[in-house]
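Enquirer: Here are the chains, one letter per residue:
Number of protein chains: 2
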Amino acid sequence: MGGQTVLHMNEGNGDLSYARNSIIQNKVISVASEVAKEAILDLYCTTLPEWLNIADLGCSSGPNAVQQIHEIMDFVDQKRRQLRRSSPEFHCFLNDLPGNDFNTVFSGLPELYEKLKAEKGADFGPCFIAGVPGSFYGRLFPKSSLHFVVSSSSLHWLSQVPVNLHSETNVHLNKGKLYISKTSPPPVLRSYLEQFQLDFSVFLMSRSQEIIIGGRMVLTLMGRKSADPSSEECCFQWDLLANALMDMVHEGLIEEDKVDSLNAPCYCPSPEELMHLIDLEGSFAVNRLETIEVEFNASDDNDDDDDDRRGQQAAKTMRAAMEPMLSEHFGSGGIMDDLFYRYGQHFQEYFTHKKEPKLTNLLISMVRKG
Amino acid sequence: MGGQTVLHMNEGNGDLSYARNSIIQNKVISVASEVAKEAILDLYCTTLPEWLNIADLGCSSGPNAVQQIHEIMDFVDQKRRQLRRSSPEFHCFLNDLPGNDFNTVFSGLPELYEKLKAEKGADFGPCFIAGVPGSFYGRLFPKSSLHFVVSSSSLHWLSQVPVNLHSETNVHLNKGKLYISKTSPPPVLRSYLEQFQLDFSVFLMSRSQEIIIGGRMVLTLMGRKSADPSSEECCFQWDLLANALMDMVHEGLIEEDKVDSLNAPCYCPSPEELMHLIDLEGSFAVNRLETIEVEFNASDDNDDDDDDRRGQQAAKTMRAAMEPMLSEHFGSGGIMDDLFYRYGQHFQEYFTHKKEPKLTNLLISMVRKG
Chain A
1 MGGQTVLHMN EGNGDLSYAR NSIIQNKVIS VASEVAKEAI LDLYCTTLPE WLNIADLGCS
61 SGPNAVQQIH EIMDFVDQKR RQLRRSSPEF HCFLNDLPGN DFNTVFSGLP ELYEKLKAEK
121 GADFGPCFIA GVPGSFYGRL FPKSSLHFVV SSSSLHWLSQ VPVNLHSETN VHLNKGKLYI
181 SKTSPPPVLR SYLEQFQLDF SVFLMSRSQE IIIGGRMVLT LMGRKSADPS SEECCFQWDL
241 LANALMDMVH EGLIEEDKVD SLNAPCYCPS PEELMHLIDL EGSFAVNRLE TIEVEFNASD
301 DNDDDDDDRR GQQAAKTMRA AMEPMLSEHF GSGGIMDDLF YRYGQHFQEY FTHKKEPKLT
361 NLLISMVRKG
Chain B
1 MGGQTVLHMN EGNGDLSYAR NSIIQNKVIS VASEVAKEAI LDLYCTTLPE WLNIADLGCS
61 SGPNAVQQIH EIMDFVDQKR RQLRRSSPEF HCFLNDLPGN DFNTVFSGLP ELYEKLKAEK
121 GADFGPCFIA GVPGSFYGRL FPKSSLHFVV SSSSLHWLSQ VPVNLHSETN VHLNKGKLYI
181 SKTSPPPVLR SYLEQFQLDF SVFLMSRSQE IIIGGRMVLT LMGRKSADPS SEECCFQWDL
241 LANALMDMVH EGLIEEDKVD SLNAPCYCPS PEELMHLIDL EGSFAVNRLE TIEVEFNASD
301 DNDDDDDDRR GQQAAKTMRA AMEPMLSEHF GSGGIMDDLF YRYGQHFQEY FTHKKEPKLT
361 NLLISMVRKG
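Listed in order, the protein sequences are those of chains A and B. Going by the UniProt record's numbering, the final residue of the first sequence carries number 370, and the count climbs one at a time with no gaps. Going by the UniProt record's numbering, the final residue of the second sequence carries number 370, and the count climbs one at a time with no gaps.
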């Protein structure tokens, strides 16, 4: 499975689209918003630039796609009014992989431009928004061209499935699992960590060339608090999906080898693992590194006590992000509805025993050193 | 009919897509290629910049979408090798309306990057390609940020259908026609001209702010040689489509009022009309202004003597560009197949009488004055 070709969210605006099933990511964004505000205002007030080049890396295609750059422009616009200064120009870049549904993102831009004009009047901006298709595990922008970079809920996705997840005799090492799990042998843990180290280092090196000295970067990604990469906080949703798939193997609906050979191209690092890589690369000073715990309540309705419905909603939320990858592997032969229904049942069972499951996200605010 | 919302080409890569039916546009691009070469090399050799910001305005979604920027990079790369200089960075911007199928354009970029690497080796570029959704009848880029702008076969599309195409008592003035025609009354001609004058002036003013002094712009658009805006060279394809629609009116398949109220948002200017507007705006000096006659042979096969097949192929070519606009107006109730079959028959009849119909394109090469 080539990570780059299938790593995109479900397209469009339909019931199963990422656009309508990205509530968890929204919560992380709103928690991270205050930290982004602190960073952008510090940058703005110390440099008072005539224009601000802002990039959102891994913007995806939902309403989140422009929410962050909209907020960042809001913060700056309020501050410059307080300071009685004219508006800087905003040059915004929305990045994601070439397979991302940019059409849906772009179709919303005329409305955003109208909204900005109505909210802020004619003396705002101007604001120019471009799409930049490509992998952030590599260069995307000219040298020293960016003032501010954000990336939300994207950097836990690896550039590819880790190599060496099978033995020299081509035996799958992570049998019956899709990600690191309590039963994964040490080489599996090592392969995942090494792929993350490589990818995150390339990410930092690429951004260090693109961000001006004094420029800022605020990142959130899925992670873990525990030193143990197989801790439940970051593995349970993959374990439940593996369980659903193995049910289907036992019923003869899927070949076991298809499950054994599938491994998710993602990694949930610990704060220490991140800090180590940032120190090693050396271009960025860390202002903040925090863990955010987000309730895994995939429904908008916080009073929803119906575990069955919560289970199915959780599966739907995960489906928006996982379906393209799973369809690529299992074919589009229509096992998806069955699989995600079963996944929902496993979620339901899990919710019955564990009333308040939480996901850990890491939040880092950095400045490009001189 | 709101021009901006429906002005995009047929999506994807299918049999009726713009991607597979843009042969005429290709011919214009190849004729214009030499002029673009002259302009970019003059710019490059006189300024030897470390980076080149290049924009293609109205890139559409076919293979043409990246062909021009690819060629421009080729010209510069050959020259800098002759001069034994290191490669400039290329920052390329592909613009079209937000409804354009950018997903198809972006999905081809990984292949383009691979090709550039294979053709030119590691010492090329780097090259960064972004998509810029928005109308070129307005600002799209920061001030003084572009070195080189191209636009091919796009500027004959207006920002909207001309206003005042009906009388004070709301009678349609251009009855039974879709564009200027021999039977159009003078107010129709005036409305079309005025809309073009407004749009092209806004285009020039926007670009004059975005292009650096000494920067270049090479444009091609549909036009005419004649001083008469109703001359056959620029009107016949619209007349034939109107004839096909009126056939369907007479058979009771379409309401006459629906045809009377439809007018195409495009205009084919004469060289004199263009020069007048460029002089009036005042920011650009014209190096070249040429007319290009392109054979209206919509088939790739130049020996194709079968008028029936040529007629249907011509209708298919026009369909790729016109269908979204026509569907918006007539509804997607399925008259399109019937309409374009009849359109093909009218083309066939036309080809029988006029063996070598030609379309006129205008080519302008300009430099941003100091």
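Please keep in mind that the hints were generated in silico from the structure rather than gathered at the bench. Computed from a prediction, not measured in an experiment: that's the story for all the values here. Idealized CB from N, CA, C, for every residue including glycine. Be aware that a few hints might be false.
Said to hold, decoys possible - Derived pair list, reagent style DSS-like, types lysine-lysine, alpha-carbon separation capped at 27 Å:
#1 Lys120(B) with Lys175(B)
#2 Lys79(A) with Lys182(A)
#3 Lys117(B) with Lys182(B)
#4 Lys225(B) with Lys79(A)
#5 Lys225(B) with Lys37(B)
#6 Lys358(B) with Lys37(B)
#7 Lys143(B) with Lys120(A)
#8 Lys225(A) with Lys358(A)
#9 Lys79(A) with Lys120(A)
#10 Lys143(B) with Lys117(A)
#11 Lys225(B) with Lys143(A)
#12 Lys354(B) with Lys175(B)
#13 Lys182(A) with Lys37(A)
#14 Lys182(B) with Lys316(B)
#15 Lys316(B) with Lys258(B)
#16 Lys79(B) with Lys117(B)
#17 Lys316(B) with Lys369(B)
#18 Lys175(A) with Lys258(A)
#19 Lys182(B) with Lys115(A)
#20 Lys143(A) with Lys117(B)
#21 Lys175(A) with Lys115(A)
#22 Lys143(A) with Lys258(B)
#23 Lys358(B) with Lys143(B)
#24 Lys143(A) with Lys358(B)
#25 Lys120(B) with Lys182(B)
#26 Lys143(A) with Lys175(B)
#27 Lys79(B) with Lys225(B)
Stated by the list, open to error - Just a sample of chain B residues kept apart from chain A, beta carbon distances all over 10 Å, derived:
#28 Glu89
#29 Asn100
#30 Leu109
#31 Leu158
#32 Gly282
#33 Thr291
Enquirer: Which constraints among the numbered hints does this structure fail? Numbers only, ascending.
Expert: 1, 2, 3, 4, 11, 13, 17, 19, 21, 22, 23, 24, 25, 26, 27, 28, 29, 30
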